[in-house]
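Chemist: Quick note, the sequences are listed as chains A and B, same order.
Take the first sequence: its letter number 57 is residue 57 in our numbering, and every next letter is one higher.
Here our numbering runs 162 ahead of the position in the second sequence, where the first position is 1.
Please keep in mind that the hints were generated in silico from the structure rather than gathered at the bench.
Using N, Cα and C, we set each Cβ at its ideal position, and we do this for glycine too.
Check each hint, because a few of them may be wrong.
Chain B is faced by these chain A residues, among others (derived, beta-carbon under 8 Å) [stated by the list, open to error]:
hint : residue
1    : LYS23
2    : VAL39
3    : PRO41
4    : VAL42
5    : GLN45
6    : VAL50
7    : LEU51
8    : LEU81
9    : PRO83
10   : LEU85
11   : ILE89
12   : ASP90
13   : ASP146
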Amino acid sequence: MSEMNDYNARCTRFLHAQPHMQKLGIRLIKAEKNAATLVLPVQSQLISKVLDTYLHGGVLTTLVDAASSVSTLCALERFELCPTLDLRIDHMRTPVQSQPLYVSAECYRVTRSVLFTRASVYQESPSRPVAYAIATFMRPGDGNTDSAFRAMIEGGNDAATA
Amino acid sequence: MQQLLDLVKQAHVSGDYQPLVDLIPYARVLGVQCECYGEEVIFRLPARPDNIGNPTIPAIHGGVIASFMELTALFQLTLQLPQPGLAKIIDFSLDYMRAGLDRDTFAICHISRQGRRVGNCSVLAWQERKSKPIAQARAHFLLDTDKES
Numbered sequence: 001m002s003e004m005n006d007y008n009a010r011c012t013r014f015l016h017a018q019p020h021m022q023k024l025g026i027r028l029i030k031a032e033k034n035a036a037t038l039v040l041p042v043q044s045q046l047i048s049k050v051l052d053t054y055l056h057g058g059v060l061t062t063l064v065d066a067a068s069s070v071s072t073l074c075a076l077e078r079f080e081l082c083p084t085l086d087l088r089i090d091h092m093r094t095p096v097q098s099q100p101l102y103v104s105a106e107c108y109r110v111t112r113s114v115l116f117t118r119a120s121v122y123q124e125s126p127s128r129p130v131a132y133a134i135a136t137f138m139r140p141g142d143g144n145t146d147s148a149f150r151a152m153i154e155g156g157n158d159a160a161t162a
Numbered sequence: 163m164q165q166l167l168d169l170v171k172q173a174h175v176s177g178d179y180q181p182l183v184d185l186i187p188y189a190r191v192l193g194v195q196c197e198c199y200g201e202e203v204i205f206r207l208p209a210r211p212d213n214i215g216n217p218t219i220p221a222i223h224g225g226v227i228a229s230f231m232e233l234t235a236l237f238q239l240t241l242q243l244p245q246p247g248l249a250k251i252i253d254f255s256l257d258y259m260r261a262g263l264d265r266d267t268f269a270i271c272h273i274s275r276q277g278r279r280v281g282n283c284s285v286l287a288w289q290e291r292k293s294k295p296i297a298q299a300r301a302h303f304l305l306d307t308d309k310e311s
């Protein structure tokens, strides 16, 4: 689990396994040790013709939760399905609906029981953040991650292709 | 914006808030529904395959639960504002307490303070019973959005 490509493959398989990520077309841009960047593409199902003030109404929250969760995959030696304990988002400016929404998340601390992440959401440039978020995740403990699901996410020779 | 104001007015008269909810594209994607019981408004997120995040349990995506609760607060505030307008979120903080299973989820928003500029909300989400919440959230919204860019 030292190749950057392994992180990419693992995160991509994780996103593919989640119906809601498929529904929104959320995909991985980049994965590296402890960090991942995702994108929410512009799509007609999220465009409002009536309101142009508050555009993504809640979908930013889903994107942030997803990215924070994906960043934990890049911080653990083996895949563990970690439930979110706490998520906090500060909104700095309103995103526009005509541009994709990017989020870069970093898992900056791993303990025996808890993972800590931070994320920033942006559109045209990372230096103009739309929102910041911090989250914590619980590690499930040995034997509490579904072994078939783990094998599927980690890939490997005998795992079914996602 | 005029269409929003008209919809809020109509909703208050008819008691049917669904057209207002359908105005937000993501609320439609999630399938959020709104039910009024007297003055109490309860929001419902019906179980649907597209909202699953964890296929092993299966459980609703954590972000879906969070967004649903954020939208609940937004709609509740919009309904209560003396001058209808869409409030703008400042921050959102969520505790996940139990896995959201693949079944209907309900949420209710309590507005603890509604000032001139800021509204303080707390939201509770549950599935089988209210006394066993799956998540609780706190949010602040900016109310006089016309004056801010």
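Chemist: Starting from the hint list further up, note which numbers the structure goes against and sort them upward.
Modeler: Hints 2, 3, 4 not satisfied by this model.
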